Amino acid sequence: MGRRIDKKRSVILGYSYSSPMGIWLSIFFVVPLSIIVAYSFMKKGLYGGVINEFSIKAYKDIFNPNFLSTVWRTLWISVLSTAICILISIPCSYAMARSKRQTLLLALVIIPFWTNSLIRIYAWINFLSTEGFFNNLLMSLGIISEPLSLIYNHFSVILVLIYMYLPFAILPIFTVIDKFDFSLLDAARDLGATKFMSFIKVMIPNIKSGITTALVFTFIPMFGAYEVPLLVGGMDSAMVGNIIVDQVQKTRNWPLAASFSVILTIVSMIGVIWVMRTSRNEVKMKKDNKIAEETFKKEAKV
Amino acid sequence: MVDVSLVSTPKKGVSVTVANVTRVYGGSFKALDDVSMKIEKGEFFSLLGPSGCGKTTLLRIIAGFDSPDSGDVFFDDKSILSLPPEKRSSNTVFQTYALFPHLTAYENIAFPLRLKKLDEKTVDERVMKYVRLVQLDEHMHKKPNMLSGGQKQRVAIARALINEPSVLLLDEPLSALDAKLRQNLLVELDEIHDKVGVTFIYVTHDQSEALSVSDRIAIINHGKVLQIGTPYEIYEAPATEFVARFIGETNIYDCTVLSCEQYGDEYMCLVDVPALDTKVWVTDWDPQDVGAELKFTIRPEKIQIVLSDEKVAHMDHLNVFKGIVDEPVYSGFQSKFYVKLANGETVKVFKQHSTFLDDGPEIEWKDSVSIAWRAVDGYLVKEKD
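If you read the sequences in order, they're chains D and B.
Residues in the first sequence are numbered from 9 upward in steps of one, following this note's numbering.
Residues in the second sequence are numbered from 7 upward in steps of one, following this note's numbering.
Treat the hints loosely; a few may be bogus.
Stated by the list, open to error - Some residues of chain D that are not near chain B, with every Cβ distance over 12 angstroms (derived):
1. GLY53
2. GLU154
3. LEU158
4. ASN250
5. THR259
What the hints assert, rightly or not - These stretches of chain D come out as covered by chain B in the derived footprint (C-beta under 8 angstroms, 3 or more residues):
6. 182–196
7. 208–214
If you're looking for bench data, these hints aren't it; they were derived computationally from the structure.
The structure presented is a predicted model; accordingly, all values stated were derived computationally and were not measured.
Don't be surprised by glycine CBs; every beta carbon is placed ideally from N, CA and C.
From just these sequences and the hints, can you work out the full model?
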């Protein structure tokens, strides 16, 4: 009896302990999100704002070919940049995990975070522009005679996106590789696998959770990127984030901006759910560990 | 225990020759220093030494994870140094098992076969053969984190054997297990060796493991091979002071050879032992030069101990001392006595307990005792390693 009361009390206590978090999330996450969803189903006001009438026009407007091509561009740029980020991160993290100067390398990855992202983007503009450092260097070395157009195109958007979000890919992958038992690779080689096969068959499956996290951590912010295409992109490199800002500030079609935001949120949520599933499997594995420990103890007793 | 009939015709493995292998780390630390040995076909051979002695380095060189700075390694008469690990006909049982955590026990064992892209039926037949060999039928669909230490060990052994290697390398495979389980697995390992019949190279720092299963043992310290021999030879005739101290327990003293003469198959020497304030008769397998500075060693269990009013059986070349029991330690099947001699030197004596009636009067703390040993039970070893 006493136990049941305790259990009930601990549930109440649990809720009360987590209430600050609940309140915080409600105010700063649930309420704004609800407003956006609500706006996306309303009619647009003449000079911005919304009219309190139900409409799905905003969602129909998304299918405007101009917008669709931007959505498509956003998608392929994000997918490509994410893929390149991951491909760079795996060898980087591997080297970091095996290095003796791990702390230093980790610091080098993290330190750029301390600088404002706008400043870092302007640094890239300086670096890539026609009169910029890179072109000047190549010209003075006599490798090229005319400046290369390195900026205000898809190339520069992808390059800077990769630069901005690389740490988000490196950190989770580094964490799993750091915990990875490298003797497994020896074992795979010993059992007949080539270097490449042992990487594919043993390393990748065991660092999968880190790769998934990295995928989501880089893809989601890239998909919603705004300042990078705005500052280093060309006329035709606008992404969904830029549409939203334009719809709020210039065209003043708030429901359309809201509907795009809802789409972005849904895409992000799919990603988050995917990560949660992978990590839930890991929690399950930890539980399994506990069970195994108990069976082992029993066995030891026998 | 192990159903050995399930494994097909035994293969005989290969002989492994290690020729003058030297491995230097960081420019100066010699992990292996001119190591040579020949391991016979089908032999259960142990590399024994304290941690950091170089035994694991040697195993990794044989497996292909490390390469020597000089020297060569042969399987039969072919050098294998140029082959990557996956091309060598050796397989390894790792100290931490190194089971693939994302695969079940079954898939771990099947891993080498899957790499060869064998068809499902062949894979299943062969995996099941080894699953039964190591008695894992019940647990084969569990992931490694659901298995106990002993079960993981069995998976690791089955996985290493399924490629039918000619040499099985075992890197301290039992060190993570508790003592009882270790004993059982050791016996099973020996049975598996008898049936599979391939060359086993077993790395351990546990002398009792090595003594109980090996055909021959190499004692390694500071990257050098100190002695290679059967467990009997190593225990009864240690080559150096280090070997004598490392294997079992012993009393060891500086001595000077006073005389040495042929005595049957062996040599009977009279040596002066300053620590005991006396001369001691001792036999050795090799003749020793008069005046040589050596170490004299006598195993505690070879010393007879009686209360001093009892008579010690008299015979030739018997060394007898009187002393006082400083510290009796009862440990079940035997008692250990630390006997203090008149000059203050302490001698370790182990007395094996027999039946109650045959055991003689109990020897207690502060009792005056006589201790005695025959010349043939002592041994002379080289001073320096």
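Need the list of violated hint numbers for this structure, in ascending order. Checked against the structure, no hint fails, so every one of them is satisfied.
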